[in-house]
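So you can see what is in the structure, the chains are spelled out below.
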Amino acid sequence: MSGVLGKDLLGLAQLSADQIRVVLDTATPLKEISLRQIKKVPTLRGMTIVNLFFEASTRTRISFEFAEKRLSADTVNVASAGSSVSKGETLVDTARNLEAMKIDMVVIRHPASGAAKFLAERIESNVINAGDGMHEHPTQGLLDLLTLRDRLGDLRGRRVCIVGDVLHSRVARSNIWGLTKLGAEVAVCGPRSLLPNAIEEMGVTVFSRVEEAIEWADALNVLRLQLERMEAGYIPSQREYNRVFGITRERLERAPRELLILHPGPMNRGVEIDSDVADGPHSVILDQVTNGVAVRMAVLYLLAGGRPEQAIVAKAGVP
Amino acid sequence: MSSQTRDLLLRGGRLVDPSQGLDAVGDVLLRNGQVEACGGTLHAPDGADVIDCGGLVVSPGMIDVHVHLREPGREDVETIKTGAHSAAAGGFTGVCAMPNTKPVTDNQATVGFVKRQGEAAGYARVYPYGAISLGQKGETLAELGEMVGAGAVAFSDDGRPVESAHLMRTALEYARTFNVPIAEHCEDMSLARGGSMNEGIVSARLGLKGIPAEAEEIYVIRDILLAKRTGGHIHMCHLSTKGSVELVRWGKERGINVTAEVCSHHISLTEEEVEGYNTNAKMNPPLRTQADINALQEGLADGTIDLLVTDHAPHHYDEKEREFADAPNGIVGLETALGVNCTWLLRRGVLTLSQLVDAMSCAQAKIFHLPGGTLRAGSPGDVTIFDPEREWTVNAADFKSKGRNTPYGGRTLFGQARMTVVGGRVVYQAPA
Chain A
57 MSGVLGKDLL GLAQLSADQI RVVLDTATPL KEISLRQIKK VPTLRGMTIV
107 NLFFEASTRT RISFEFAEKR LSADTVNVAS AGSSVSKGET LVDTARNLEA
157 MKIDMVVIRH PASGAAKFLA ERIESNVINA GDGMHEHPTQ GLLDLLTLRD
207 RLGDLRGRRV CIVGDVLHSR VARSNIWGLT KLGAEVAVCG PRSLLPNAIE
257 EMGVTVFSRV EEAIEWADAL NVLRLQLERM EAGYIPSQRE YNRVFGITRE
307 RLERAPRELL ILHPGPMNRG VEIDSDVADG PHSVILDQVT NGVAVRMAVL
357 YLLAGGRPEQ AIVAKAGVP
Chain B
183 MSSQTRDLLL RGGRLVDPSQ GLDAVGDVLL RNGQVEACGG TLHAPDGADV
233 IDCGGLVVSP GMIDVHVHLR EPGREDVETI KTGAHSAAAG GFTGVCAMPN
283 TKPVTDNQAT VGFVKRQGEA AGYARVYPYG AISLGQKGET LAELGEMVGA
333 GAVAFSDDGR PVESAHLMRT ALEYARTFNV PIAEHCEDMS LARGGSMNEG
383 IVSARLGLKG IPAEAEEIYV IRDILLAKRT GGHIHMCHLS TKGSVELVRW
433 GKERGINVTA EVCSHHISLT EEEVEGYNTN AKMNPPLRTQ ADINALQEGL
483 ADGTIDLLVT DHAPHHYDEK EREFADAPNG IVGLETALGV NCTWLLRRGV
533 LTLSQLVDAM SCAQAKIFHL PGGTLRAGSP GDVTIFDPER EWTVNAADFK
583 SKGRNTPYGG RTLFGQARMT VVGGRVVYQA PA
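So the sequence lines, in the order shown, correspond to chains A and B.
Position one of the first sequence corresponds to residue 57 (the numbering used here), numbered consecutively onward.
Position one of the second sequence corresponds to residue 183 (the numbering used here), numbered consecutively onward.
Take every hint as true, because none was put in to throw you off.
Straight line, CA to CA, 27 Å or less: simulated DSS-like cross-link-like pairs of lysine-lysine:
#1 Lys434(B) / Lys548(B)
#2 Lys237(A) / Lys391(B)
#3 Lys125(A) / Lys96(A)
#4 Lys582(B) / Lys263(B)
#5 Lys63(A) / Lys502(B)
Hints in this document: simulated from the structure, not taken from any laboratory.
As the structure is a prediction and not an experimental result, all values here were calculated from the model.
Can you make the complete structure from the sequences, with help from the hints?
Okay, structure coming up:
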């Protein structure tokens, strides 16, 4: 079964601007379901979905699970530890075994770039990429777009700067594709050692200094700084990172306009972002989390073959 | 091995042999495993087999100084027999087998084993490489002299660079005694570790860690300078970047004893092949950019790069059928190389037919001091008969190699071996 998005959601690189808008438009009315006392509609009743997480995740896994359950799908969570994967089973064998159990969809999180595509090419079920290595995290990209659109309206000509470890970030890649497709101007800012050196060829502006980014942008998407990066020698210390690239209240106070602050989580308070910014009036970080459930419901619904114009009806409970 | 074979008269082919400046229609007579006569119209002795080579090119047997035959250790993915058969089917009469076997070919016993297995196989000749360092660990110089005695023709830690400049210097000096080349896999691991493709826009898009061109070039210039210091012969394995070509050109202009090879895939395919996480486009060094291809082709044409090789590297299907970053490096190449080289270099006018034969045969023999590489009377009866224009479609299932890991599957190539003769004996004949 496949609808306007095709069989799988592997990345925003493959989606058209229209397809992205359809997801955002579909997600918007679905938000209301999560506000009800009984947060459940029968849209995906009878469908089975496997959440296959080969990498630690709290937020994304729970968000998918809520989205699935609120649409009445039957779900199974598989984590790599404690599964046959820890016994050395290959991804292709895991895939074939799942397929043999006649499932409808797989949500996969995997440390290898391309793993979601690898799976999608080998099974009939719909595959949703919940983050593959340093490649893409399309539902995160979509929820960031929805959050920005809720606040800024049409994103054409709007300026969004992604700050931090772009080199290792799948969130950054999905954001770059999604934002540029919707007509926004995109910049990146961070230590050059954490930016791919061909990044300009992806159609983005590069700021070396975070002050310049703040002066330029309508919104900042602040990436998590992974501790491993220090160990691998990409930057000298968390302390210096905060001094040079940290998003602090002092820096934001000098902005010529009000900035929206996004962060995909989990945050390192006092490293890439200061607490008074994360908890401050410009932060839309918790809106992102709320929108995450709605966006994932929209993706599940559309991949299951749902028609976008019927999402309102679906919300009312008629499949 | 061939004194019992019947005389073989190859009649009416286009004889292309740059070792003697020959490019003319004529006959070749093979007797007692050797070239008896070459050129002009020759009389077929009584009882000789006569093969009509009209419309085909007859050249000195092609050699590939860079293959991995996996034996001993990984006989499940290739054996010396299947690899030598694959070579013969690709038009090669000789191959040099890299020493990264299990155990490593770093001693005279294993060198002797590889040589004997090659002789027993009876297809292309198999010349063993020995490792530079014990276990290819980059620590202790292996017994190069003993290995030369057992049949090693060159030394390399291929698959790994020699990280210690001191060890490389010593190897270059020591190998001079035996007049054999030291072949380097140029890669600065502190830059390349964890990388699985070229560093550039495609790696940025796909979220794969890249291997920058400089990881190769830093070792190319280091080793050229060490060859300058020592007077040793450094041979650069599988060059893949524009910068490497420029550095080798710099070295040759100064009379430094440096030679170089390039793989067929590096003169034909770009990093774009990786798109979609195609593990059959994963090898080390990785596929680079069109600018690199252009420079490598130019290097071949002006003689900066001496040899065309395959870096034939069979892998099991299951090993390639996995996440890109975890898949092993390497592709098979023996049965596609001639077609790829004719398609990308000959048809497009990058090389003349004589230049192509030189890079695939004569220069290989000359640089590695191997028999063959010429059709002069008295030389080994190693001959490749090929059609440089024949159109065919690559079907990996037809390979004689156990490996199926090719990025050329389904592609149309022009140019194919029709017959391969080793020591005056036909070891491969293409189906009509």
